[in-house]
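Residues per chain, in single letters:
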Amino acid sequence: MQGLRRIVLDVLKTHEPKLTDLALKLCNLEGVDGVNITVHEIDKSTENIKITIEGNMLNYEEIRKVVESMNGVIHSIDEVAAGKKIINEVKTPQDRKYF
Amino acid sequence: MQGLRRIVLDVLKTHEPKLTDLALKLCNLEGVDGVNITVHEIDKSTENIKITIEGNMLNYEEIRKVVESMNGVIHSIDEVAAGKKIINEVKTPQDRKYF
Amino acid sequence: MQGLRRIVLDVLKTHEPKLTDLALKLCNLEGVDGVNITVHEIDKSTENIKITIEGNMLNYEEIRKVVESMNGVIHSIDEVAAGKKIINEVKTPQDRKYF
Amino acid sequence: MQGLRRIVLDVLKTHEPKLTDLALKLCNLEGVDGVNITVHEIDKSTENIKITIEGNMLNYEEIRKVVESMNGVIHSIDEVAAGKKIINEVKTPQDRKYF
Amino acid sequence: MQGLRRIVLDVLKTHEPKLTDLALKLCNLEGVDGVNITVHEIDKSTENIKITIEGNMLNYEEIRKVVESMNGVIHSIDEVAAGKKIINEVKTPQDRKYF
Amino acid sequence: MQGLRRIVLDVLKTHEPKLTDLALKLCNLEGVDGVNITVHEIDKSTENIKITIEGNMLNYEEIRKVVESMNGVIHSIDEVAAGKKIINEVKTPQDRKYF
Amino acid sequence: MQGLRRIVLDVLKTHEPKLTDLALKLCNLEGVDGVNITVHEIDKSTENIKITIEGNMLNYEEIRKVVESMNGVIHSIDEVAAGKKIINEVKTPQDRKYF
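Residue numbers (UniProt numbering), protein chains in the order written: chain P, 1 to 99; chain W, 1 to 99; chain S, 1 to 99; chain U, 1 to 99; chain E, 1 to 99; chain G, 1 to 99; chain V, 1 to 99.
Keep in mind that the hints were calculated from the coordinates and are not lab data.
Note that this is a predicted model, so its numbers are computed, not measured.
A virtual CB, placed ideally from N, CA and C, is assigned to each residue, including glycine.
It is possible that part of the hints are untrue.
Stated by the list, open to error - Covered by chain E, according to a simulated footprint, are these stretches of chain S (three or more residues, beta-carbon under 8 Å): (1) 13-23; (2) 88-95.
Unchecked claim - Facing chain V, from chain U, some residues (calculated, C-beta under 7 Å): (3) 20; (4) 39; (5) 71.
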């Protein structure tokens with residue numbers, strides 16, 4: 001049985017706890033190889049971040065629980081990869097339809 | 001006999017079931033090496049997604065059935081690759097005709 | 001004697017038969033290593049596609065016959081590569097003359 | 001236990017001490033493999049710099065202390081990576097929401 | 001003695017003979033490793049093409065004769081590489097002078 | 001003890017001595033693996049250049065002395081890398097703040 | 001003693017002798033590994049070209065003599081690399097100052 005290899009999340013969180021603490025909690029979940037967090041928008045009391053998680057057999061529910069325990073709310077799942085290997089999105093001429 | 005190696009689909013689906021569940025179902029089909037799903041448009045009740053599937057001897061009908069069983073409709077096949085190896089689209093000076 | 005290694009075709013076809021069937025037919029021609037088909041324009045009854053074929057000793061006439069047998073018309077050959085190895089187009093400062 | 005692998009900081013500092021001295025101090029902290037500092041804005045008395053630090057088990061508090069001891073103030077953490085390997089941010093079609 | 005490794009030509013030709021035939025003739029010249037032809041402009045009776053040829057000890061005069069024997073006229077040589085290895089053009093900040 | 005691995009300098013110099021002579025002097029300093037100099041602006045009597053130096057345990061003061069001995073003035077240090085390996089600047093979504 | 005590894009020249013020359021002859025002469029100078037010449041501007045009687053030369057211990061004076069013997073004038077040296085290895089220019093946020 002193959003599982004989730006990459007999840008990209010759009011998350012809104014309060015400034016505390018810090019990004020470094022959130023990244024450490026996420027990267028120590030079972031099956032996680034690495035976590036990347038980038039800041040997209042900073043407001044007075046909140047920040048909009050993008051979380052990229054890669055690994056084997058990622059467990060979305062556990063990831064969601066960690067994010068929420070750190071004062072974060074998942075707005076959307078923006079990308080998911082699953083299977084024997086990580087496949088990237090392929091750009092096609094039809095992508096421009098959305099612009 | 002050579003078969004399908006990559007299929008890129010433009011799909012409209014309801015928010016449920018989640019992308020993670022759709023990716024897991026697709027990556028466990030026979031011949032599938034990996035699945036990538038990205039979100040292109042989110043509306044109140046639907047989302048427009050792009051599904052990229054790579055593998056060997058991909059079965060389009062089985063893929064379509066899984067997508068439809070998860071409340072998805074395939075709008076179009078945007079790219080297909082087949083053969084001994086995966087060939088990418090080659091950009092040529094004539095591509096600008098369409099812009 | 002060296003032969004054709006890559007052919008890129010601009011093709012107009014009816015929606016049926018499907019891209020997956022066209023790709024399968026082309027990738028099983030002699031000398032073909034891989035086929036990529038991308039959709040550039042979709043109309044009510046036709047679609048404009050780009051076909052990229054790579055291999056050894058490609059036979060253009062056989063490729064043309066397959067395309068036509070699948071309700072396709074070749075509008076133009078946009079790129080050709082031939083020889084011991086596949087050479088890509090090299091961008092030069094003079095390319096801007098055409099823009 | 002996995003730790004921090006990359007930290008990207010937005011820092012405001014006085015012109016003295018020099019960037020070369022700040023880089024040397026940071027790269028000799030425990031766990032640091034490499035440090036990169038680029039200048040983004042130069043004013044009469046201050047400069048806005050971006051510090052990228054990569055390594056194993058990076059200690060954010062030690063990094064912050066070094067930056068502050070060199071007349072720097074951390075404005076924000078712009079990116080963090082953690083885990084067994086360094087994962088880069090994945091671009092998705094949803095990134096344009098912020099532009 | 002070192003020789004020519006790459007020649008890029010801007011050529012105007014009639015539609016016949018086909019690009020595939022021109023590519024085959026060129027790739028069978030002595031010293032040629034590979035040939036790439038892309039179409040830049042198509043008119044009613046002519047087409048403007050770019051020919052990229054790579055190999056060892058390329059013979060420009062023989063290439064010119066083949067092009068002319070296939071109803072082509074060389075408008076200009078846009079790039080030449082010579083020597084023990086193929087060097088690509090290096091982009092420098094001064095390139096913008098020409099734009 | 002880890003040292004400086006890369007220094008990028010914004011320098012104003014007179015046209016003489018030539019760039020080739022400046023590059024030769026810099027690349028023969030202790031610890032220098034390679035030097036790259038590009039011209040950004042040319043005026044009647046001066047030129048604005050960017051010097052990129054990579055190596056191990058680079059000595060900024062020696063570099064500055066060579067630049068000044070060749071009629072150059074360092075306007076600013078634009079980038080510095082230090083440590084066991086050369087880390088490049090990582091682009092983040094926050095970089096656009098400066099544009 | 002380390003020497004010059006790459007020289008990029010902005011040259012104005014008459015149409016004759018041809019680029020192929022200039023490239024052949026340059027690539028047979030001592031220390032030259034490869035030569036690339038691209039055309040940037042073509043006028044009625046002259047052409048503006050960029051010459052990129054890579055090798056070991058390049059001799060600028062010999063290169064200049066060959067260029068002048070082929071009816072060329074060096075307008076400027078746009079890039080120079082020297083040392084044990086060829087270092088490319090590193091882009092920094094400060095580059096935009098010149099645009």
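Checked hints:
no.	hint	verdict
1	13-23	violated (count 0)
2	88-95	holds (count 7)
3	20	15 Å, violated
4	39	6 Å, holds
5	71	21 Å, violated
Of the numbered hints stated above, those contradicted by the structure are hints 1, 3 and 5, listed in ascending order.
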